[in-house]
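What follows is the residue order along each chain.
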Amino acid sequence: MRLALVGVSHRQAPVELRERVAVDAAGAAELAEGLADGCEAVVLSTCNRTELYLASDQSADHHLDGRASAALLELAGADGVALAPVLYRLGDDSAALHLFRVAAGLDSLVPGEGEILGQVRDAFEIGSTGPLLDRLFRQALHAGRRARVETAIGESPASVPAAAAALAQQVFGDLEGHAVLVVGAGKMSELTARNLRSRGASIAAVANRTVAHGEELAARVDSRAASLDEIPALLATADVVVTSTSAPGFVIDTAAATAALRSRRGRPILFVDLAVPRDVDPGLATIDGCFVYDIDDLEAVVEASLAGRRVEAVRAEQIVAVEAERFREWQASLSVVPAIASLHAHAEEIRTGELAKAEGRLGRLPESERKLVESVTSQIVAKILHLPTVRMKEAAAGADGVIYADVVRHLFGLEEEQS
Amino acid sequence: MAELLVWPALIAYGEAALAYAGALGGGGSGSSARLGIWGVRIGWLAQTALLIAQMLDSDGFPWGTWAGALNLFVWLVVGAYLIWGCTPRYRLLGLAVMPLAAALLVAAWAGGGTGVTTETAGWLLALHVGLMLAGLAGLTLSAGLAGLYLWQERRLKQRDTGVLRLRLPPLDSLDRLSARTAFVSLCVLTAGIVVGLVSFNRGDFDVPMAVTLAIWVLYATGLILRRETGLRGRRFAVLLVVGLALVAIVLPLTHFAS
Numbered sequence: 001m002r003l004a005l006v007g008v009s010h011r012q013a014p015v016e017l018r019e020r021v022a023v024d025a026a027g028a029a030e031l032a033e034g035l036a037d038g039c040e041a042v043v044l045s046t047c048n049r050t051e052l053y054l055a056s057d058q059s060a061d062h063h064l065d066g067r068a069s070a071a072l073l074e075l076a077g078a079d080g081v082a083l084a085p086v087l088y089r090l091g092d093d094s095a096a097l098h099l100f101r102v103a104a105g106l107d108s109l110v111p112g113e114g115e116i117l118g119q120v121r122d123a124f125e126i127g128s129t130g131p132l133l134d135r136l137f138r139q140a141l142h143a144g145r146r147a148r149v150e151t152a153i154g155e156s157p158a159s160v161p162a163a164a165a166a167l168a169q170q171v172f173g174d175l176e177g178h179a180v181l182v183v184g185a186g187k188m189s190e191l192t193a194r195n196l197r198s199r200g201a202s203i204a205a206v207a208n209r210t211v212a213h214g215e216e217l218a219a220r221v222d223s224r225a226a227s228l229d230e231i232p233a234l235l236a237t238a239d240v241v242v243t244s245t246s247a248p249g250f251v252i253d254t255a256a257a258t259a260a261l262r263s264r265r266g267r268p269i270l271f272v273d274l275a276v277p278r279d280v281d282p283g284l285a286t287i288d289g290c291f292v293y294d295i296d297d298l299e300a301v302v303e304a305s306l307a308g309r310r311v312e313a314v315r316a317e318q319i320v321a322v323e324a325e326r327f328r329e330w331q332a333s334l335s336v337v338p339a340i341a342s343l344h345a346h347a348e349e350i351r352t353g354e355l356a357k358a359e360g361r362l363g364r365l366p367e368s369e370r371k372l373v374e375s376v377t378s379q380i381v382a383k384i385l386h387l388p389t390v391r392m393k394e395a396a397a398g399a400d401g402v403i404y405a406d407v408v409r410h411l412f413g414l415e416e417e418q419s
Numbered sequence: 001m002a003e004l005l006v007w008p009a010l011i012a013y014g015e016a017a018l019a020y021a022g023a024l025g026g027g028g029s030g031s032s033a034r035l036g037i038w039g040v041r042i043g044w045l046a047q048t049a050l051l052i053a054q055m056l057d058s059d060g061f062p063w064g065t066w067a068g069a070l071n072l073f074v075w076l077v078v079g080a081y082l083i084w085g086c087t088p089r090y091r092l093l094g095l096a097v098m099p100l101a102a103a104l105l106v107a108a109w110a111g112g113g114t115g116v117t118t119e120t121a122g123w124l125l126a127l128h129v130g131l132m133l134a135g136l137a138g139l140t141l142s143a144g145l146a147g148l149y150l151w152q153e154r155r156l157k158q159r160d161t162g163v164l165r166l167r168l169p170p171l172d173s174l175d176r177l178s179a180r181t182a183f184v185s186l187c188v189l190t191a192g193i194v195v196g197l198v199s200f201n202r203g204d205f206d207v208p209m210a211v212t213l214a215i216w217v218l219y220a221t222g223l224i225l226r227r228e229t230g231l232r233g234r235r236f237a238v239l240l241v242v243g244l245a246l247v248a249i250v251l252p253l254t255h256f257a258s
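First to last, the sequence lines map onto chains D and E. Each residue of the first sequence is one higher than the last, beginning at 1 in my numbering. Each residue of the second sequence is one higher than the last, beginning at 1 in my numbering.
What the hints contain is simulated information worked out from the structure, not anything from laboratory work. Keep in mind that the hints are not guaranteed to be accurate.
[What the hints assert, rightly or not] Okay, the calculated bits of chain E under chain D, using three or more residues with CB under 8 Å as the criterion: (1) 75 to 81; (2) 145 to 159; (3) 228 to 234.
In this text, a Cβ means the ideal position worked out from N, Cα and C, and glycines have one as well.
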């Protein structure tokens, strides 16, 4: 069997080219179906890559690359000329290893990012798969899951909003039932608020200098708008405060906040200050139970997290290599499967033939003893063939599988039978 | 013969302490942490076997001496830690608990607390000592949690960039859990004190009783203040740690010095 991969990714192609060949789920399914004429096909299309995986049971089928390349160039249309030099083409073991790395998030812009595993699963489910691609994608998904479970590659946040939400969880644990106050209606505030909401927090209010702007964001995050004057009162109930205004001075200063914080009776509060210049007086950090993170602190946390991911990526690479080797062994074993099947069929034929010859004598035996003879002869055949079968599979995992298969065919006259 | 069981327990506790230290370097997860957990489990089972053997071989209550009490105390502390301390988030609590457990077990062994005693004692004394030690074990654990709280709080205050790489339990959870543990421990301690007062009241109010009651008042005051005035977070954690330090210094001196 032959496996081919042709693709384009963020590593070689700018977004202007990638977007030309990007397809949605329906498009990917249609394209896969179109390509799967006499072979298997899966189309993986994400914002970072579009890859076509083709497999054929004809080991000499060298047209898979060409078909996949032509399909991508056709998708690119007029930009095909620019696309051609940045296409990558991989075959068999290299293609499998590449997919395993993709599924584990090792080929992503941010190592270990979580979405890619689901995207690979989706591509697999809508693809036109057969024995090879089915096995390949299942094992790739397994490799991706192992990389995430057995290493910490996907645990640390890779963006400022995710880091802010993860910090909130470090203070409060489960964010269910915790209130968030958003100060400023900027893009970063919204992203952070959404991230906190996705982890169970509720947005108590969006405070903004222009209340009308605040109302727009409030509507999007299922909250209410408030004026900046309401902040001291809101501090008494909010557990996380996200700020990103363009105010020149502190929007929340120590003097104004101290009284409000006193009424919290020791409950901790986390300030996430995304603004430059800063909105939150850093002096607040000296108050017991007050934690203040500005944009530099958050970026430093993200950088440390990414460094951690890169360390974990080395361990994930080892897992991926093991899984790729298993796939290679399975694929190699396919070369001896027909010979093994013929051998077993041949032996079974001999067994049943000999039993038929002895039917005259065996016919006089009671039913239970006839069954015993059947069972014993089957066991003898199975035991005799066990070791040759294992040895052939072992040889197939190396480079000698085809030779062993030929020898077995020759020794047992399987070729003559087939012909 | 029973005393031989102290060695597997000690080795396993020591291994757990080392493994947890290794896990700290590895981000609190991975094979080191798993080795630590198995060390705790095996050590605790070995110590359980030791205690059973002591109980079967002795004529009466075998943990009446300071060393014997220490032996039982270590078993209770590790047992309490085993209930939830081995969950992934609380693994690093083992960093505080297991070295202490190993060191105290060595002290108990050196003081003859892992051997067989011929002292006789009634079941009320056994109940009193058992309850008191269980209460103190709980307070030790709550102090361990408070220590973990102070460490986590310090990292968050100082905006440690590695705060999301080596993840400790959430601050709020540590605060609540340490308070709950202290509350339950205080209830057990109260029961132990009541049993002691009812059973052994010889009409005089001695120093060990005064110290025990002072410790009880300290923790009870802390818990009441927490409920009534919002004494929580750093200040409550400090109170638990200081409270345990006082217990560790004063209680053995007053109860076993003679």
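Each hint, compared with the structure:
| no. | hint | in the structure |
| --- | --- | --- |
| 1 | 75 to 81 | violated (count 0) |
| 2 | 145 to 159 | holds (count 4) |
| 3 | 228 to 234 | holds (count 6) |
The structure does not agree with numbered hint 1 stated previously, though it agrees with all others.
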